[in-house]
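Participant: For reference, the chains in residue letters:
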Amino acid sequence: MKNISYQNDELLRKLFKRITPESPSAGFAERVMDLIIQPEVDMSAHQQTVNKLLWTLIAAVALIIPVLFFLLDWSLLDLFPKSISAETFNRFIVLLSNLPDYFSSVLNGLKQFSLLFIILAAGVALIFIDSLLNKSLIRNIFPFNLAGHEAK
Amino acid sequence: MKFETDIFYIQQIIAGNARAYAFLVEKHKEMVFSIALKILHNREDAEEVAQDAFVKAYQSLSGFKNEAKFSTWLYRIVYNSAISKVRKKKLELSPLDDSTINNYSDDNMDSNFFLVEEPDQFELLQKALQSLPEDENVIVSLFYQNDHSIEDISAITGLTVANVKVKLHRIRKKLYTEMQKLINLEDSEYSRVHFKEVTG
Numbered sequence: 001m002k003n004i005s006y007q008n009d010e011l012l013r014k015l016f017k018r019i020t021p022e023s024p025s026a027g028f029a030e031r032v033m034d035l036i037i038q039p040e041v042d043m044s045a046h047q048q049t050v051n052k053l054l055w056t057l058i059a060a061v062a063l064i065i066p067v068l069f070f071l072l073d074w075s076l077l078d079l080f081p082k083s084i085s086a087e088t089f090n091r092f093i094v095l096l097s098n099l100p101d102y103f104s105s106v107l108n109g110l111k112q113f114s115l116l117f118i119i120l121a122a123g124v125a126l127i128f129i130d131s132l133l134n135k136s137l138i139r140n141i142f143p144f145n146l147a148g149h150e151a152k
Numbered sequence: 001m002k003f004e005t006d007i008f009y010i011q012q013i014i015a016g017n018a019r020a021y022a023f024l025v026e027k028h029k030e031m032v033f034s035i036a037l038k039i040l041h042n043r044e045d046a047e048e049v050a051q052d053a054f055v056k057a058y059q060s061l062s063g064f065k066n067e068a069k070f071s072t073w074l075y076r077i078v079y080n081s082a083i084s085k086v087r088k089k090k091l092e093l094s095p096l097d098d099s100t101i102n103n104y105s106d107d108n109m110d111s112n113f114f115l116v117e118e119p120d121q122f123e124l125l126q127k128a129l130q131s132l133p134e135d136e137n138v139i140v141s142l143f144y145q146n147d148h149s150i151e152d153i154s155a156i157t158g159l160t161v162a163n164v165k166v167k168l169h170r171i172r173k174k175l176y177t178e179m180q181k182l183i184n185l186e187d188s189e190y191s192r193v194h195f196k197e198v199t200g
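So the sequence lines, in the order shown, correspond to chains A and B. In terms of the working numbering, the numbers along the first sequence are unbroken and rise by one, the last being 152. In terms of the working numbering, the numbers along the second sequence are unbroken and rise by one, the last being 200.
To be clear, the hints were calculated from the coordinates, so they are not data collected in a lab. All figures in this text were calculated on a predicted structure; none of them were measured in a lab. C-beta atoms are modelled at their ideal positions from N, C-alpha and C, and glycine is treated no differently. You may find that some hints are simply not true.
One-sided excerpt, in silico: chain A residues whose CB lies under 10 Å from chain B [what the hints assert, rightly or not]:
#, residue
1, N8
2, F16
3, E22
4, I37
Please model the complete structure; the sequences and the hints are all you need to start from.
Facilitator: What follows is the structure, encoded as structure tokens:
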């Protein structure tokens, strides 16, 4: 009885070996690799956008600092106390109460350079809009990649 | 194409060479696709599931433990994905009647099946395989066609070793029953045609 079972088993094995393994369609491995590599490319594009934004911010700050340097009335710094005394404390209170006036004078100064700030703001806005378009709009317009697979 | 061991490619991928994964895909694509196809019976669905399984495996590669075989781990992913998809689609086939299987013994095979020509035996087997539920089709193929051990099949399907053994025994019985039914059917068909020829 065991012999018959064994014989059957061997026969089954022999018959199963004749079944040819099924292959996926041509280019299957390439499509899998596209799916794997694509997110990494996207990540690096995202990283580039972040880097661009960071550099833009640094450039903007670098531009603003010299502008403020020339516009601010640095004689105000003389008002800060070198050692605390009743007199300097009183002067500090006077300084605080006059702060709105100082700010309005700074704003008046900035108005002289309004064109510069408009250009700067426009540049930053342009970069921001560009990165937004890269992230969303292009993907919506082209939901398929070149291999013909739906983007996930 | 000659391949290195799976672990060789895995180490390369972990070291940052993502393109080494292409070799693993190339090496295992047939098996992964076959498992998916046996369960789903549809080439497009099987390709989609196979593709997703490879992507999932890649994404979880950092968590892959060397104690397990990569192939077993990958086959388990595709097996589970395909089974889930079948369950969603409710494509389960009606299994053979249990009483028919239980009343059948392997010994019954020797009388008829061994008398059938080998090409016909192969055809009978292929027809009988179609009558099996998807998961059983995979289990029996992994064992007989791909020479996977019971332990490997247990790891792929998530069944216990004992359960795999029992299942294999039952599947064998089912196959024999189905093949026997087909032989009897063909015999009766032959008799009918022969009788018509003789009687005019």
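Participant: Checking each numbered hint in turn, tell me which of them this model violates, lowest number first.
Facilitator: none
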